[in-house]
Structures are given as structure tokens and as C-alpha cells.
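If you read the sequences in order, they're chains A and B.
Counting from 1 along the first sequence, just add 26 to a position and that's the residue number in the numbering used here.
Counting from 1 along the second sequence, just add 16 to a position and that's the residue number in the numbering used here.
One side only, chain A facing chain B, incomplete, derived with CB under 10 Å:
id	residue
1	Y126
2	Q135
3	H137
The list that follows gives simulated cross-link-like pairs (lysine to any residue, SDA-like), each with its CA atoms no further than 25 Å apart:
id	chain 1	residue 1	chain 2	residue 2
4	A	K124	B	A228
5	A	K124	B	S274
6	A	K124	B	A213
7	A	K124	B	Q247
8	A	K124	B	A261
9	A	K124	B	G224
10	A	K124	B	P279
These are computed hints drawn from the structure, not numbers from a lab.
Here the structure is a predicted model, which means the values were calculated and not measured.
C-beta atoms are modelled at their ideal positions from N, C-alpha and C, and glycine is treated no differently.
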Amino acid sequence: MRRKITLLFWLALPVLAHASPSVPQDWWKAPGSLASDDAQWRAKYLQQKEVADAFAADLQQSQKTGKGMAYLDQGGVSPSWYKPPIVVQPFPGAYSAKLYDLAYSAFLQSHRLQEAYRLAYTAVLQRPDDRQWRQRLIQVSLWLGQREQALTQWTWLAQHGDAAASRQAITLAVSLSRPDLVVQLLSPAARAGTLSDADWKSLIFAYGELGEPDKALADIDAALQRGGPRRYLLEQKAYLSYQLGQVQQSLAALQRSATLYGSTPHTAVEEARLLSMQGNYHLAFQALEQARASASLDDVPFWQLYALLAWEIHDDPAAFAAEKTLYLLGAASQYDLQRLVLLSGKENAQAAMHVAEQGWQRYHLPLFYFEAIYYAGAAQEWQKLGALLQQIPHNDPDGIRTYSAYWMAMGQWASSQRNYERAGRAYAEALRRNPEDELAQSNLLWMLIDHGRIAALRALLVGATLHPAPGLRDAVANALERIGQNRAALFVQGGTARKNTPQALLQQAGLWAESGSPGLAWSQRRLAAWQSYQELERKPSGAQP
Amino acid sequence: MRLFRPASLLLFGALVVTVVFAVAWQYGWHGRRAFSESAADAHAQMQSATLMLQSGQFTAAVRQIAPILANPNNPLYRQARLLQWQIAQTQALAIPPQSPARRRAEAGLLPLLDGLLQLGGWTPAELRSLAKDAFAVGAYGLSAKFWIAAAKADPAFAPQGQWQAAQALAAGGDAAAAGQILLDLAAQTPSPARQKALLLQGGQWLQGGASAAVALTRCQALLARRPGLWQDRQVVLFMSRLAMAAGQPSLAAQWLHSELVRPEQGRKPS
Numbered sequence: 027m028r029r030k031i032t033l034l035f036w037l038a039l040p041v042l043a044h045a046s047p048s049v050p051q052d053w054w055k056a057p058g059s060l061a062s063d064d065a066q067w068r069a070k071y072l073q074q075k076e077v078a079d080a081f082a083a084d085l086q087q088s089q090k091t092g093k094g095m096a097y098l099d100q101g102g103v104s105p106s107w108y109k110p111p112i113v114v115q116p117f118p119g120a121y122s123a124k125l126y127d128l129a130y131s132a133f134l135q136s137h138r139l140q141e142a143y144r145l146a147y148t149a150v151l152q153r154p155d156d157r158q159w160r161q162r163l164i165q166v167s168l169w170l171g172q173r174e175q176a177l178t179q180w181t182w183l184a185q186h187g188d189a190a191a192s193r194q195a196i197t198l199a200v201s202l203s204r205p206d207l208v209v210q211l212l213s214p215a216a217r218a219g220t221l222s223d224a225d226w227k228s229l230i231f232a233y234g235e236l237g238e239p240d241k242a243l244a245d246i247d248a249a250l251q252r253g254g255p256r257r258y259l260l261e262q263k264a265y266l267s268y269q270l271g272q273v274q275q276s277l278a279a280l281q282r283s284a285t286l287y288g289s290t291p292h293t294a295v296e297e298a299r300l301l302s303m304q305g306n307y308h309l310a311f312q313a314l315e316q317a318r319a320s321a322s323l324d325d326v327p328f329w330q331l332y333a334l335l336a337w338e339i340h341d342d343p344a345a346f347a348a349e350k351t352l353y354l355l356g357a358a359s360q361y362d363l364q365r366l367v368l369l370s371g372k373e374n375a376q377a378a379m380h381v382a383e384q385g386w387q388r389y390h391l392p393l394f395y396f397e398a399i400y401y402a403g404a405a406q407e408w409q410k411l412g413a414l415l416q417q418i419p420h421n422d423p424d425g426i427r428t429y430s431a432y433w434m435a436m437g438q439w440a441s442s443q444r445n446y447e448r449a450g451r452a453y454a455e456a457l458r459r460n461p462e463d464e465l466a467q468s469n470l471l472w473m474l475i476d477h478g479r480i481a482a483l484r485a486l487l488v489g490a491t492l493h494p495a496p497g498l499r500d501a502v503a504n505a506l507e508r509i510g511q512n513r514a515a516l517f518v519q520g521g522t523a524r525k526n527t528p529q530a531l532l533q534q535a536g537l538w539a540e541s542g543s544p545g546l547a548w549s550q551r552r553l554a555a556w557q558s559y560q561e562l563e564r565k566p567s568g569a570q571p
Numbered sequence: 017m018r019l020f021r022p023a024s025l026l027l028f029g030a031l032v033v034t035v036v037f038a039v040a041w042q043y044g045w046h047g048r049r050a051f052s053e054s055a056a057d058a059h060a061q062m063q064s065a066t067l068m069l070q071s072g073q074f075t076a077a078v079r080q081i082a083p084i085l086a087n088p089n090n091p092l093y094r095q096a097r098l099l100q101w102q103i104a105q106t107q108a109l110a111i112p113p114q115s116p117a118r119r120r121a122e123a124g125l126l127p128l129l130d131g132l133l134q135l136g137g138w139t140p141a142e143l144r145s146l147a148k149d150a151f152a153v154g155a156y157g158l159s160a161k162f163w164i165a166a167a168k169a170d171p172a173f174a175p176q177g178q179w180q181a182a183q184a185l186a187a188g189g190d191a192a193a194a195g196q197i198l199l200d201l202a203a204q205t206p207s208p209a210r211q212k213a214l215l216l217q218g219g220q221w222l223q224g225g226a227s228a229a230v231a232l233t234r235c236q237a238l239l240a241r242r243p244g245l246w247q248d249r250q251v252v253l254f255m256s257r258l259a260m261a262a263g264q265p266s267l268a269a270q271w272l273h274s275e276l277v278r279p280e281q282g283r284k285p286s
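Isolated chain A, as found in the complex (with noise of 0.2 Å):
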């Protein structure tokens, strides 16, 4: 009798508990599942391409104006290298080569290395054609430091046929970041086709540093168009055109680089990426499955986004070996466990349990600890169930013990060991946890069908149980048909949508029976063996094609 009242007031409680605000969610949505980590990614990469968006737009207006440009703008302190600009005024007076001469090695034997910038920058500015005294120039610069003079220098030469001076000039403008200088280099080469791939790579970043690569795109595309295709430069024209958004470019660029040079595990990546971005997931997963066979073991990447496209495609076995393979590799994330889990709880619940058990010493995530349970106690591991469940310490720091799954657990752990008793608390706590829970309901009434006890079913299907909700219409029935209101439990099951199998119809025919109409159940018993037998003489024929 108390036992009884005890589990009444568990009953009750769920309607205070309703209006308190601390309802747990549901597991499957705590932090580090697929599901909330996915809105997660998208605030955050929206937050990202406003700050991106922001900093580019700035860029912009600082290359515009040259605001905030110069080094020393930034507010630090100088490096050791750094030399600040030498500004000096020409000698005045006509260009004399006898005493510029004599006065330039004057100047290097007596160490005056700042006349001597004067009188070469001097002499470069009333002999603009005399290369000499470039030359001379450039040396005093960069013996001073001045490689912004050097620069310019070099670029001059550069652009009047010295291929030497074009070599440097390249390189120190690389270093001094003046992707413009690089630009008005190499591009002509670039067109012309006769160009290094590092030339390539050091022309493509400048366009880049311009926030110009629809240049270095068309720059590549005359190239490609002179030179015929190379690969290096199909690679970087599918890159750039993926950078502008252009995705069915960036792919038919990596698709003619496939064709021409084969597919390699990485081009694959990139290919069905950009195919992924269009949403054609299987010609993604297709172009994967292309370069498969060369992936090797190493190739981490491959096999997620492998298995992550097989996932998205429904390609379950595809992505259970993919997913298998990233778990034996070490590599594989929480979303890989997660999905693994769900991959091979279907056939293999045990594998499942050990997967999310993993998960659980690997990430400490409540969800891997649910799906662990969830698995135990669908393999029927008992004992590993009662193990999980008594991991939790006593504080519970986690908070696992505030979700109604944790306790549908304990009661199917201890109706599993006969302990009747805890599983009734652990089905009442769920439900006070979560008053709605049609599972924690239906469980709890199954227990006390299966066990008989046929007071606490009284007790508990008092009051307004004819019209159940949809999940628990069993349940009650049946629970009715135990405690012998077998009406009722016609009544309940008659609510449902009506079931013709000859099991269903086999039962109520029974319940009929027993409530005292024989002949009813005795032509439902008939029509119960009639669809037996047509399903019997169907089925053969069915199963040849």
C-alpha cells in the first residue's frame, strides 16, 4: 500500500515538474553532437566572412588612399634591418663623367657611402640611360640599406633588358611586398608562357596581395592558351577560380588536369569538394570512388570527406568502411564515432556499444555515453551496462544523471536484474524528468505487465486512460487486457488505425472471447487463418523474381 502511494506521488510529480524552466533537452542535442555543432559552424563561418568581408574592404581603401601603409605607421619599434629612407638632394651643376668618376671611388675609399648615394642618385638622375651608374647606385643601396632604391632600380634594368637585374629585382620585391612591381615583372612572361612554376606561385601571390586574381586568372588562361595545358597551372586556375566563386570552372579545370594527368587522391579531394559546394553529392563521391584505389592508408582527408560523402549519399557500407577505417587509424573525429555508431548499431549492436564507449573515454561527451548505454542495453550486455551506469560519480559533474535516458537505463538494467523495485523508481524519476516521455511510460507499463503486478497497473490506468497517446496505445491495451478491462482494451486498440495481420487479428479475437462474444472472435479467429494461408501460398512466388 505505501509502495503504491510512494509511486502515485512519483506519478504527480511530473505536473509540478512541468512548469519548472530546468527541463533537460534532449541528449542527442548536447554540445559536440552532428546536430548542434552544425548551427554552431554556421554562425560562426557567417561571423568569419563578416570579419573577413571587413578587413578586405579595409585593405582596399588602404591600398586607395596609402593610408596606414608604411611600415612605421604600425606604431612599433623598427627592426634591426630596417633603414629608414634616404632622402638627399642632387649635387647641383652639370654631369661631369671625369669628376663624378673620380669623386665616386673618392668617396667608397674614404668610406663616405652617403655622398656616394648622393652622387650616384645624382648622376642616375642627369644620365637616366647610363647603366653604369645604376649599377653603382644599386650597390650603394644596398650597402646602406636602401632596398626600396635598389628596387627601382633594378626594375628600370629589368625593363630595359637586363635579365640578371630581372631576377633580383623579382626577388626583392617579393621581400619588400611590392606585388605591383612583380606584377609589371612577370606578367608578361606569364602571358608569353615562359614561365617558371615558382615564378608562377610568386606572380599568383602578388595578384593575390593586389586583390586582383581575376588578373592572375587571365593571365593563366592566355597561357594555357599559348603553352597548352600544364598541370601545375590547371591546379592553380582551379584554385583561383574556386576563390572567386566560380566553382564550374575551378572543377573544369580540375577535371581536364584529371584527364590529362590522371587523378591523385588530392585532386580528388578538391574535385568533389568543389562538386559537394554544387550539392552533387554523388558525382562527388564518385569522383572519390575514381581515385580510391590510389588513396592510401595516409590519406586522412580522403577518407573523411569519403566517408562523409557516403553518408550524405546513403551509401551505408561504403561509409561504414570508411568510417571503420579513420576508427582503426586513430583518426577519426567525434562526428566520425558518432556516425560509425549509427552505422553499425544497426546490424551490430555490440561493435556500436564499444565504438560509443569509446567515444566516451575519448571525448567525454554525454552523447557518446547515452549511445554506449542505448547499445548496451540493446545487445543485452547487462553486466557492461551496469557498469556505465555506475561510472557516473555520485556528484555527477557531467550532468548525465538529469537526462530521462539515463534512468529508462537504470530501469531496464534493473528489471534486468529482477530488481523490480529500482527499476519502478528509475522509470518514475524519468518520467519526472520528462512527464511527455511516451518510452519511459510504455516501459514502465510493459514491466508491470510482464511481472504482474496488477495493483500498481490499477493504480496507474485509473482515470481517463481510453484515449492514450499514439505510442503507448499498446501498452495501455495490453496493460487493460492484464488488469482484465478487456473492453477497454478493445476500445483502445480499436482507436488505432486497423490492423489486419492475422497476429492482431488472432488477438483480438481473444479479447473478444473473453468478453463474452465467442462468435465474433471465432469469425476473426477464421479470417486470421484465411490471411495466413494467402500469405503462405504468396510467398514462394514472391520470392522468385
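Got chain A; can you put chain B on it based on the hints?
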């Protein structure tokens, strides 16, 4: 009459003898017993020797003036020495050049010239002539000495004489002395153009003959006295080259820098 007393006769006789001796002395008798070597003879010998020289009879000419040369007290002695030199010079120059005989002859000329120089007392014109002759036969040192003597003898001619002496010294391989003469000359010359030319030439010779350091010091000393020369770019370039050759590039740099920053209007076209 007491006039014919022996003492009076002796006195008269002595007077007559004195007069005779005086007349003879005046005619060129110098107490020798040989009366044939008289002044008239000497003139005749000189003239005949000159004629013989012109006709190429060098040995005979030498024989003609030999008596005069034997007597330094002969009034024509100096002329005879000159003639002797001219004969020897003509004789030597008659030998085909580049031959050992010519070389020997030229070497034999030097003591003659040196003797003339030691003799001294020549007129400026003679000195100039001797200097030129000496230069012609390759006795450059003696030529320079003659030029210097000529310059000393004739103050109006002094600058040119010194210059010639310097040329002769330079030709003889003593560029240092020649350069120093030119620098001294530059210090005395009033014309800036001449000063500049002398400085450049003298400096170069000093550099070649002594060393760049010596040349630099001497030229600097000169320029300290003539600072106006610094306005000339050629001088600046020369001095800077000199300084760099002397291992003082900082001096050169200093001068060149002031030349470079000198305003346009103060500059001479060079």
C-alpha cells in the same frame, strides 16, 4: 851738360826699355821669349781655325787653336775654348748616329762642356747657346745648369730660363727636380693660367720623379699660397687624383665634395 851723365843715360835707357816692353805687352807679348805668338797671330789662328772648321778640317783647326788654348792668359783664350767646343761638337755630330764611335765622341764632349761651365763668365746669349748645344748632344744635366746660369745672369729671362732648365732636367730623368722648379716658378708667376699649367706639369713630374706623397705635399704648399687655383676643376681633379694615389682618399673626397657642391656661377669651364 850734365845730361849725358851715366846716371841719366841709364835712366833714359830704362825708360826706353819700359816703353818698348809696354808696347809689346800691349800687343800681346806676355814675357815669353817666343815673339811669334802675338795677338795678331792669335787672331789669325782663330780665323783660320774657323775657316778650317767650316771646311771640315777638324784636326787642323784644333792644331791652329792649340797655342791659344795653351795659354789661358791669351785674350782669345775664351773664344778659343768656345771654338774648340764647336769643333768637337761638329766633329761628333758628323759621325753617323747610333754608332759606337758617335757614342764615344759624345761622351768625350761632356768634359769639354763641363770645362766651359767651370770657366764661367759667359754672356747670357752664350749661356743660352751653350745650354741648347748641351741639350742637343744629350748632356741634359749640364744643359739645365747652363739654363740656370743664364737665368741668373739675366733677370728678365729668369722665368723662361728656369722653365728651360726644368725641361732639360725632365729630359735627363730628374723629374723630381724639374717638377720642383716648375712649382717654384708657379709660385712666382702672376698669371693664373700659367700658374695652373705649371702646377699641373710640376705636380705630375714630382709624382713621377719622387712620389705621390711628396707631390701632394709640395702642391698643397703651393695651393696654400695660391688658393685661387682651387676654383679650377682641373686643379681639383688633379689634386684629388694625387691624394688618392698618395693614400689619402679622405682629402680627395673632401675636395671633390666641395667641387660638387660649388654653385654653378662660381665655376670655370674646364
